[in-house]
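K.L.:
Read off the chains here:
2 protein chains.
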Amino acid sequence: MSVLVTGSIGLDSVETPHGKVEDAIGGTAVHFSFAAAHFSPVRLVAVVGEDFPDKFKKIFGSKPVDTTGLEVRKGSETFRWRARFEGDMNEAETLETQLGVLGEYGPKVPSEFTGSETVFLANTHPALQRELLSQLTNPRIVVCDTMNLWIETERDALLETLGLVTGVILNDAESRQLTEKQNLIEAGEAILRMGPKFAIIKKGEHGALLITPDAVVAIPAYPTKNVKDPTGAGDSFAGGFMGYLDRVGKWDESTLKSAMVRGTVTASFAIEDFSIGRSSVVETEEVEKRVKQFAAMLRVE
Amino acid sequence: MSVLVTGSIGLDSVETPHGKVEDAIGGTAVHFSFAAAHFSPVRLVAVVGEDFPDKFKKIFGSKPVDTTGLEVRKGSETFRWRARFEGDMNEAETLETQLGVLGEYGPKVPSEFTGSETVFLANTHPALQRELLSQLTNPRIVVCDTMNLWIETERDALLETLGLVTGVILNDAESRQLTEKQNLIEAGEAILRMGPKFAIIKKGEHGALLITPDAVVAIPAYPTKNVKDPTGAGDSFAGGFMGYLDRVGKWDESTLKSAMVRGTVTASFAIEDFSIGRSSVVETEEVEKRVKQFAAMLRVE
Numbered sequence: 001m002s003v004l005v006t007g008s009i010g011l012d013s014v015e016t017p018h019g020k021v022e023d024a025i026g027g028t029a030v031h032f033s034f035a036a037a038h039f040s041p042v043r044l045v046a047v048v049g050e051d052f053p054d055k056f057k058k059i060f061g062s063k064p065v066d067t068t069g070l071e072v073r074k075g076s077e078t079f080r081w082r083a084r085f086e087g088d089m090n091e092a093e094t095l096e097t098q099l100g101v102l103g104e105y106g107p108k109v110p111s112e113f114t115g116s117e118t119v120f121l122a123n124t125h126p127a128l129q130r131e132l133l134s135q136l137t138n139p140r141i142v143v144c145d146t147m148n149l150w151i152e153t154e155r156d157a158l159l160e161t162l163g164l165v166t167g168v169i170l171n172d173a174e175s176r177q178l179t180e181k182q183n184l185i186e187a188g189e190a191i192l193r194m195g196p197k198f199a200i201i202k203k204g205e206h207g208a209l210l211i212t213p214d215a216v217v218a219i220p221a222y223p224t225k226n227v228k229d230p231t232g233a234g235d236s237f238a239g240g241f242m243g244y245l246d247r248v249g250k251w252d253e254s255t256l257k258s259a260m261v262r263g264t265v266t267a268s269f270a271i272e273d274f275s276i277g278r279s280s281v282v283e284t285e286e287v288e289k290r291v292k293q294f295a296a297m298l299r300v301e
Numbered sequence: 001m002s003v004l005v006t007g008s009i010g011l012d013s014v015e016t017p018h019g020k021v022e023d024a025i026g027g028t029a030v031h032f033s034f035a036a037a038h039f040s041p042v043r044l045v046a047v048v049g050e051d052f053p054d055k056f057k058k059i060f061g062s063k064p065v066d067t068t069g070l071e072v073r074k075g076s077e078t079f080r081w082r083a084r085f086e087g088d089m090n091e092a093e094t095l096e097t098q099l100g101v102l103g104e105y106g107p108k109v110p111s112e113f114t115g116s117e118t119v120f121l122a123n124t125h126p127a128l129q130r131e132l133l134s135q136l137t138n139p140r141i142v143v144c145d146t147m148n149l150w151i152e153t154e155r156d157a158l159l160e161t162l163g164l165v166t167g168v169i170l171n172d173a174e175s176r177q178l179t180e181k182q183n184l185i186e187a188g189e190a191i192l193r194m195g196p197k198f199a200i201i202k203k204g205e206h207g208a209l210l211i212t213p214d215a216v217v218a219i220p221a222y223p224t225k226n227v228k229d230p231t232g233a234g235d236s237f238a239g240g241f242m243g244y245l246d247r248v249g250k251w252d253e254s255t256l257k258s259a260m261v262r263g264t265v266t267a268s269f270a271i272e273d274f275s276i277g278r279s280s281v282v283e284t285e286e287v288e289k290r291v292k293q294f295a296a297m298l299r300v301e
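Residue numbers (the working numbering), protein chains in the order written: chain A, 1 to 301; chain B, 1 to 301.
Source of the hints: derived by calculation from the structure; they are not laboratory data.
Possibly wrong hints are sitting among the right ones.
Since the list gives no way to pick out one identical chain from another, each pair is judged satisfied if it fits inside one copy or across any two copies.
[Claimed, not checked] Computed list of lysine-lysine pairs in BS3-like fashion (alpha-carbon distance at most 27 angstroms, straight line):
id, residue 1, residue 2
1, Lys-20, Lys-181
2, Lys-257, Lys-63
3, Lys-57, Lys-228
4, Lys-257, Lys-289
5, Lys-257, Lys-292
6, Lys-228, Lys-181
7, Lys-250, Lys-57
8, Lys-20, Lys-55
9, Lys-225, Lys-58
10, Lys-181, Lys-225
11, Lys-228, Lys-58
Next comes chain A alone, as it looks inside the complex:
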């Protein structure tokens, strides 16, 4: 099995109380892939510009990430994001966004990937999410993300996409904005009425909620003081979560919960350094060890 991810690859310039980086590799697809690859092979579909630095073309090294779907588009520019995290680092302050190639047409799913069964549609225009999904012949577990911009400006297109997916992974603010419900369980239930069979609501340092028609599950974040840069935490969560679902091949409540724990742990590594500084070098054994430790922490007599 393998998990297909469609998402952004970009150059991030990020400043936090612990330092800063300029033009570091970033983007949802990158953070997702490093996390998912601990559990299942990844197929990446993304597009960058002609200016994409050569040094980043081999970032996945020997990891099981198939970059056949990475398009380097002539005459276009790579997505860039500049942001700052202050204080408790709970929210990024975006200083500059250059959409570049992400403002053009989307990438194409290569024929080798069209049979993918597990799919993560990272945040992009909901119509583009559907277009990417329509290229797949046998999608079985499809999960999407979205953002405030599309909730505000493309609600109908977004609702159409939500009607096609198995589940969603959103953050608390997005869930509240989408459903106009303050209580996150009510928000999750409202999301289920839009089509998805499960909703994961991320609460940053406060963990995540799972809402299904039969259950509500709350999982804390991995408690840590080792936070240098929260960039990519949510995408790393999605990666660990989807990689695990793909490995198990189902999405019953127990599997979803186990997947949340994997996502929590991959996210906890991602934030330990800027960009992919930590997530690109952490060994799968370390991930598994922290999963065991986290599960033991949650075990109560």
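Using the hints, position chain B against chain A.
P.N.:
Using the frame of chain A, we list chain B on its own:
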């Protein structure tokens, strides 16, 4: 065994998006006692004014709460608190506080109670907490709470009290204010350097953290949409927590974690209605059932 609690009893007037009450029974000692009594007998030490309504003098009914230590002081007035919760109800807006009898000298620990081994010193002037503690002959597990006022105005007195206790239960804002650490694990570690052997940091709807010299444990809140009035949630948490510690008679990491889960569950009942509407009628069997359900939710393969 039994757990001694010293704290306030007052008349609360509270408004939330779900309704309001006027002059309802409240106060830390009341919420604490209903929660703790599910696990261990409670000994209550508190003081009210001459105006304390007769109808509230028997509120504990047949529950194992010994009110020998409840002083009704002639010529004094009962503590009153008026507050409003809005929106997500995460924070109370205090509209009026009438200290009344709480602004005078403290109650006395009756001789029947002075041998108590498990003690909760709810929030009051830290010098008064010490005075109450000094009346006990064999305190073994002593836990205290405090508030922003004492952290700001009576820091030295508070540090003296912290040097005498086994553990503390504070909320996130208090922990940060006391230690000037933003990260809650660092805040917890700084608290341990002040004397306590463990620190519980409450995060409201986001659960609670335990910090010991050897471990950090994060527990989510019980996920619920059934929240009518958050008043007393923290005190109910402390009650369930301390009642359980007293029943087990020790405070190793595993017991502390189990106690947090009991506190989480008693708090989840307290918020289901105004005042003690729910917590005074919930059966211990219901509490035990929710504890099992919550522990199962946290069990991950």
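K.L.:
When Cα atoms must be at most 27 angstroms apart, do Lys-257 and Lys-292 count as within-copy, between-copy, both, or neither?
P.N.:
Both ways: Lys-257 and Lys-292 sit 14 angstroms apart in one copy and 17 angstroms across, limit 27 angstroms.
K.L.:
Between Lys-228 and Lys-58, at a C-alpha cutoff of 27 angstroms, which is it: within one copy, between copies, both, or neither?
P.N.:
Answer is within; shortest intra-copy Cα gap is 25 angstroms, inter-copy 54 angstroms.
K.L.:
Indicate which option fits the pair Lys-57, Lys-228 if close means a Cα-Cα distance not exceeding 27 angstroms: within, between, both or neither.
P.N.:
Intra 25 angstroms, inter 54 angstroms, cutoff 27 angstroms: intra-copy only.
K.L.:
With identical chains treated as interchangeable, where does the CA-CA distance between Lys-181 and Lys-225 reach 27 angstroms or less: within a copy, between copies, both, or neither?
P.N.:
Classified as between: cross-chain Cα gap 11 angstroms, same-chain 32 angstroms, threshold 27 angstroms.
K.L.:
Indicate which option fits the pair Lys-20, Lys-181 if close means a Cα-Cα distance not exceeding 27 angstroms: within, between, both or neither.
P.N.:
The answer is between: 22 angstroms across copies meets 27 angstroms, while 36 angstroms in one copy does not.
K.L.:
Checking Lys-225 and Lys-58: alpha-carbon separation at most 27 angstroms within a copy, between copies, both or neither?
P.N.:
Result: close neither inside a copy nor across copies, 31 angstroms intra and 47 angstroms inter.
K.L.:
At most 27 angstroms between CA atoms: does that hold for Lys-257 and Lys-289 within a copy, between copies, both, or neither?
P.N.:
both (17 angstroms within a copy, 21 angstroms between copies)
K.L.:
Within a copy, between copies, both or neither: where do Lys-250 and Lys-57 come within 27 angstroms Cα-Cα?
P.N.:
neither (33 angstroms within a copy, 57 angstroms between copies)
K.L.:
Using 27 angstroms as the alpha-carbon threshold, which applies to Lys-257 and Lys-63: within, between, both, or neither?
P.N.:
Classified as within; 25 angstroms inside a copy, 38 angstroms across copies.
K.L.:
Measure nothing new, just compare the shortest in-copy and cross-copy C-alpha distances for Lys-20 and Lys-55 to 27 angstroms and report within, between, both or neither.
P.N.:
within (20 angstroms within a copy, 63 angstroms between copies)
K.L.:
Between Lys-228 and Lys-181, at a C-alpha cutoff of 27 angstroms, which is it: within one copy, between copies, both, or neither?
P.N.:
between (32 angstroms within a copy, 16 angstroms between copies)
In terms of the numbered hints stated before, the structure departs from hints 7, 9, listed from lowest to highest.
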